[in-house]
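Colleague: From just these sequences and the hints, can you work out the full model?
Here the protein sequences line up with chains A and S, keeping their order. Sequential numbering from 1 applies to the first sequence in our numbering. Sequential numbering from 1001 applies to the second sequence in our numbering.
Don't read these hints as lab results, they were simulated from the structure. A virtual CB, placed ideally from N, CA and C, is assigned to each residue, including glycine. Only true hints are included.
Derived Cβ-Cβ restraints for the label pairs, each shown as a range:
| hint | chain 1 | residue 1 | chain 2 | residue 2 | range |
| --- | --- | --- | --- | --- | --- |
| 1 | A | L95 | S | S1076 | 52 to 58 Å |
| 2 | S | G1099 | A | E93 | 47 to 53 Å |
| 3 | A | G19 | S | L1130 | 43 to 49 Å |
| 4 | S | A1067 | A | G387 | 54 to 60 Å |
| 5 | A | E415 | S | L1130 | 56 to 62 Å |
| 6 | A | Q111 | S | V1049 | 40 to 46 Å |
| 7 | S | A1067 | A | V84 | 40 to 46 Å |
| 8 | A | Q310 | S | L1127 | 26 to 32 Å |
Residues of chain A placed beyond 10 Å of chain S at every Cβ, according to the derived structure:
| hint | residue |
| --- | --- |
| 9 | D10 |
| 10 | V20 |
| 11 | V23 |
| 12 | F114 |
| 13 | E115 |
| 14 | V201 |
| 15 | G344 |
| 16 | R412 |
| 17 | E435 |
Simulated crosslink set (DSS-like; lysine-lysine; CA at most 25 Å straight-line):
| hint | chain 1 | residue 1 | chain 2 | residue 2 |
| --- | --- | --- | --- | --- |
| 18 | A | K148 | A | K171 |
| 19 | A | K320 | S | K1066 |
| 20 | A | K320 | A | K148 |
| 21 | S | K1085 | S | K1066 |
| 22 | S | K1055 | A | K148 |
| 23 | S | K1055 | A | K320 |
| 24 | A | K171 | A | K320 |
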Amino acid sequence: MSFLSLTDADRNEMLATIGVSSVDELFRDIPDGVRFQGSLDLEPPLSELELTAHLEELAARNVHTGAELSFLGAGVYDHFVPAVVDAVLQRGEFLTAYTPYQPEMSQGVLQTIFEYQTAICELTGMDVSNASGYDGTTVAADACFIAKHATGRTKVVLCEAVNPQARQVVKTYAPGFGLEVVEVPHRGGTTDPDELAAAAVDAACVIFQQPNFFGCLEPAPDLAAAAREAEALAVAHVDPVSLGVLEAPGAYGCSIAIGEGQGAGNFQSFGGPHYGFVAARSEFTRRMPGRIVGETTDTQGRRGFVLTLQTREQHIRREKATSNITTNQTLLALAGLVYLTWLGPQGLREVGEACMALAGHAKERLAAAGIEPLFPDRPTFKEFAVGLGRSAREVVRDARARGVHPGYALGRDYEGMDDALLVAVTEKRTPADVERLAEVLAEVGR
Amino acid sequence: MGAESYPDDLRYHPEHDWARIEGDTATLGITWYGQDALGELVHYEPPDVGATLTKDGAYGEVESVKAVSDLIAPLSGEVLEVNQKVVDAPETVNEDPYGDGWLIRIRIADPAEAEGLMDASAYQAHLETL
Chain A
1 MSFLSLTDAD RNEMLATIGV SSVDELFRDI PDGVRFQGSL DLEPPLSELE LTAHLEELAA
61 RNVHTGAELS FLGAGVYDHF VPAVVDAVLQ RGEFLTAYTP YQPEMSQGVL QTIFEYQTAI
121 CELTGMDVSN ASGYDGTTVA ADACFIAKHA TGRTKVVLCE AVNPQARQVV KTYAPGFGLE
181 VVEVPHRGGT TDPDELAAAA VDAACVIFQQ PNFFGCLEPA PDLAAAAREA EALAVAHVDP
241 VSLGVLEAPG AYGCSIAIGE GQGAGNFQSF GGPHYGFVAA RSEFTRRMPG RIVGETTDTQ
301 GRRGFVLTLQ TREQHIRREK ATSNITTNQT LLALAGLVYL TWLGPQGLRE VGEACMALAG
361 HAKERLAAAG IEPLFPDRPT FKEFAVGLGR SAREVVRDAR ARGVHPGYAL GRDYEGMDDA
421 LLVAVTEKRT PADVERLAEV LAEVGR
Chain S
1001 MGAESYPDDL RYHPEHDWAR IEGDTATLGI TWYGQDALGE LVHYEPPDVG ATLTKDGAYG
1061 EVESVKAVSD LIAPLSGEVL EVNQKVVDAP ETVNEDPYGD GWLIRIRIAD PAEAEGLMDA
1121 SAYQAHLETL
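Modeller: In structure tokens, the structure reads:
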């Protein structure tokens, strides 16, 4: 909707239709004593030409990764989004159909959701996926809810190296779910399986992240085994873009795989909206949060799609639903599906390999410039932490003044890490970009 | 589905659960009215054998194509046996709610609780009020 007419004639027609004589009359039910008297102290209205110029001036103050060099990640990544993604998303059948309230009328939307679920299951090595969740943080709370019901236990264990925002969302929902949250600190950038095993006793689930928030590769199979040993569900929070080169959670004994889908097919978009995914083994099908699309045949034997297991959703089961925090992000999940389909397994592997190679190169180049990795003996994927000689927040500020966003200041979330910077290197960065980062950090980071 | 009936040898809970008391054990299920209100059952989530039931508390779930409903314990006790036939074929409850469609067998914790349950005529009178 790019133009709405609002002439005096339009106004009068609307007023006549509802039977009032003026706009003021619409507010007559509000007693005079509490009504604002006089006129608001606002700038006079702008003409369309003036307004357009004003908005363009405001928009020009935004910066984006096409204009400035960015190594920001920390959960939201600047991966390349092929043009085919937007070409499919902008089709009217998808762009306008936010949620199918008469779902079976919308076979095309249901089919894309079914195919999305299939892609997520193949990627994570799980049996069942929902139609997507709100984002990578709410799905962590959903996983806790599944685990509580499946085990009858109320303790949930979070590794400290899980994205701080995901942990915060779990802690926000915990009191309402009747959950007790226990956090396990990292040791030199990763989680100690023995320490996790001790914390997992009597726990409903254990959530770890692979690669973790510091970019380090966790000993994921050992962490999953530590959870299973205590009969707690192992929940892996994974980066979909990493799964072309890293093992799928289903292959190392996890019960549930969750994650933020943004990196696969969605732009950073100033931090959202994005989409989360939840996939699990088949034994948890009836505990899955939100909606699920199933494949079936109609009365004439033709392939078709339906919303299934709706009796557990909040519009029917209310406070006893499997989740009361889901919306699904159909359009953004569709972007994920188009991205994964377009790349295919080989393409996803190549993206992952490119990220690893460039990030490895950046780590070496920064070390040569005197900026050392914080956890030197830990393998990393596309992101790594470095130690600076001064406050990382100040370094970020000084580097930005030089046109480079060098990364994320870990002191924002972790006590005692004020001098640590988290650097993300996607396939969009070039060796020349890395050179520029090294120059700037050598100048302002030591 | 069988015809509507409320056998005289059972005790009834207002949440549409029945108990067949035999000495210190009881067999539990849902009434004809309960299964009719839910419609065809597609899933039965039983408690574990050995689990403890508390009178008036939820001990499991049944799911039909239109609703999921908690199973309410008419008596307190310990679960001795779960009807695997209903786990495998939940529609058994619709076909035979008082026979093959029983849900669990329990050891009764407090025999006096049975006195608070309704007999068949009182339960039918209760249904009239719904």
